[in-house]
Amino acid sequence: MTATSPLYTLKSLSKRYTRGKETVTIFDALDMTIPAGDFIAIMGPSGSGKTTLLNLLGGIDRPSSGEVHFEGARIDTLSQGRLARWRAAHAGFIFQFYNLMPTLTAAQNVELPLLLTRLSGSARKQRVKTALEIVGMGDRARHRPGQLSGGQQQRVAIARAIVADPKVLLADEPTGDLDRTTADEILQTLQLLNAEMGKTIIMVTHDPAAASFAERELHLNKGRFEERGKA
Amino acid sequence: MNDATLIRKNLFRKRLRAILLVVSILIAFLIYGVLAAMQNAFSMGTVGAAQERLVTVNRINFTVALPYAYWDRVRQVDGVDIVAPASWFGGYFQEPQNFVQSFAVDPESYIAAYPELVFEADERANFLEGRTCAAVGRALANQYEWTVGERIPLMSNIWQRQDGTQAWELDICAIFDDADGTYPTNYLMLHYEYFNEGLSFGRDSFHWMTVVTEDASRNDQVSQAIDALFANSPAETSTTTEAAFNEAFMEQFGNIGLILTWVIGAAFATILMIVGTTMVMAVNERTREIAVLKTLGFTAPRIFRMVLGEALLLSFIGGLIGLGLAAGAATLASGAMAGVLPPFGLSLTNTLTAVAFMLALGLLTGVLPAWKAMQVRIADALGKI
Ligand SMILES: Nc1ncnc2c1ncn2[C@@H]1O[C@H](COP(=O)(O)OP(=O)(O)OP(=O)(O)O)[C@@H](O)[C@H]1O
Ligand SMILES: [Mg+2]
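Chain order of the listed sequences is A and B.
Numbering follows this note's numbering, with no gaps: position 229 of the first sequence is 229.
Numbering follows this note's numbering, with no gaps: position 338 of the second sequence is 338.
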């Protein structure tokens, strides 16, 4: 597979919610491809369906109709169990509010996805160490989330997202809760993961400054994408 | 780290809450263990009861005496093999709190009726010969460190001697064991004749007869014949099997079995509700974390097992500590009540029952929260923040 072959292919994707008698259409017959190695910023007004799209790409939610293909294989029709295993193997998730387990140390949080692999204890330890070092948190392995700043927690969350070596990172407002300087550091880390480790990154953000770290920006509006070149 | 680490950390995340839950479960199992051990003590008398043995007592109750002449008359009932009369002696040694279970018996017939009692041949002969002899059960002899050849004054808290004292001087002529070790040996026997001669009141009567029938199949017929013999007399009799008699005797301490069932039932219903509700609450608080685990790829069945595992862990921690304390308490109580009750403790059946209770408690309190955890929808739980 070459760098530009599609990682994701969305075919005629629709998502509708029914509330009582009313049906709300989020997207209708959306077609799109995302090449491997891309770094996309998805922008758009609140309620336009950005999170919904990430959920569809991450195998967390299913479309009302249409298809989601990942590396040529359809994922939207997988069973719950297979979808869970697909997520464990292929997708890393980064959230606005980090979502670390408060009772676990940084290292244990990062180790969580590895519990779903067959790796030995020592191999897991090594991976956790490497992942924490990549995000610059090697010296905070034994800290609990409550003892870390927001930016540090987000770094640990990024380490957790990459530790199982997934192809794609899906980030929903990863810097939404951080100050400018910290946000820029996090975004630089994502850039590094994209450039050096070839991770495909799909990042939702409200913030144009954050979006400028991506290779391209997609604006979602009324169920349609429009691409805007970088400023 | 593995799933067990997660289970443990989740259970103890709110330390005070976890400790209170453990304590409430612990108390339930402590109550269960102590009561079960007591029930064991009270039901031991029925273990050694033989099929062919009947017990005849006064129909009013077993503390009211029967005339001496009844012995001979019962011996002549068709189907009767041996008749062994006996009287409560109500003994104590030195101090009234040193209760010594003791009966005045006709040694010849008593030993014949209870072949499971094992004697040294010469000690047995001495006991049968000597008027002032006593035969002491091994457990009782050990308790007071009595040996054969010793002379002891045994006081009675029921009877008085003609000389105004209450002490019968007894020679310990024999120490006996129980053949298969199931029947308690915490009592002694003295000669009925010696006992009777010394009495200042209530002479020539006894409290019960052990009646051995020729065949267990004739028990009903024989017991009816005996009771018919004394019908409409001033001392009517009631004849039952020995097992039934022992049970009735133990019921004077209260219907332990029924109390046990009610207390344990109430205790378990209570902790079931407390622990069940708390577990549901605890899992509700963690909805978001469960959604994150699912996002990372933990499957629904795995989440289900983890929550169920947490409930089981809680149940077993509380249950095993409670049961351990109960075993300790039973040992202490058994020591304190030696002489009154045979040695008792938790049986294997009690322990297995308790483990089954722990399993049931864990499953019952875990299933609902585990089910709810499994049903958590990621998009709903994570989407709204
Ligand atoms: N479970 C649901 N039931 C009904 N409507 C829903 C549900 N989930 C999302 N929606 C609706 O779908 C639309 C898109 O939601 P989504 O969360 O994807 O928006 P968003 O672009 O991420 O917004 P924001 O920038 O505020 O995070 C919203 O109008 C929302 O109310
Ligand atoms: Mg959103």
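Hints were generated in silico from the structure; no laboratory data involved.
This structure is a prediction, so every number in the text was calculated from the model and none was measured.
Ideal placement from N, C-alpha and C gives every residue a C-beta, glycine not left out.
Incorrect hints may appear among the rest.
Stated by the list, open to error - Distance ranges between label pairs, derived from CB positions:
1. A:D139 to B:L320: 51 to 59 angstroms
2. B:N2 to A:S149: 52 to 60 angstroms
3. A:P35 to B:L320: 43 to 51 angstroms
To be verified - Cross-link-like lysine-lysine pairs, in silico, DSS-like; alpha carbons within 25 angstroms at most:
4. A:K222 to A:K167
5. B:K9 to A:K129
6. A:K125 to B:K372
7. B:K9 to B:K372
8. A:K11 to A:K167
9. A:K167 to A:K21
Cross-check of the supplied hints:
1. In this structure the supplied range 51 to 59 angstroms is violated for A:D139 paired with B:L320, their Cβ-Cβ distance being about 41 angstroms.
2. Evaluation of the 52 to 60 angstroms hint for B:N2 and A:S149 yields a failure: the beta carbon distance comes to about 29 angstroms.
3. In this structure the supplied range 43 to 51 angstroms is violated for A:P35 paired with B:L320, their Cβ-Cβ distance being about 58 angstroms.
4. At roughly 29 angstroms between alpha-carbon atoms, A:K222 and A:K167 are farther apart than 25 angstroms, so this suggested pair is violated.
5. Only pairs whose Cα atoms come within 25 angstroms are accepted, and B:K9 paired with A:K129 is accepted, the gap being roughly 22 angstroms.
6. Distance hint between A:K125 and B:K372 is unfulfilled; the C-alpha atoms sit about 32 angstroms from each other, more than 25 angstroms.
7. With a CA separation close to 20 angstroms, the supplied pair B:K9 and B:K372 stays within the 25 angstroms bound.
8. Between A:K11 and A:K167 the CA atoms are separated by roughly 20 angstroms; this keeps the pair inside 25 angstroms, and the hint holds.
9. This hinted pair does not check out: A:K167 and A:K21 have alpha carbons roughly 40 angstroms apart, beyond 25 angstroms.
Of the numbered hints given earlier, the model fails hints 1, 2, 3, 4, 6 and 9; all others are met.
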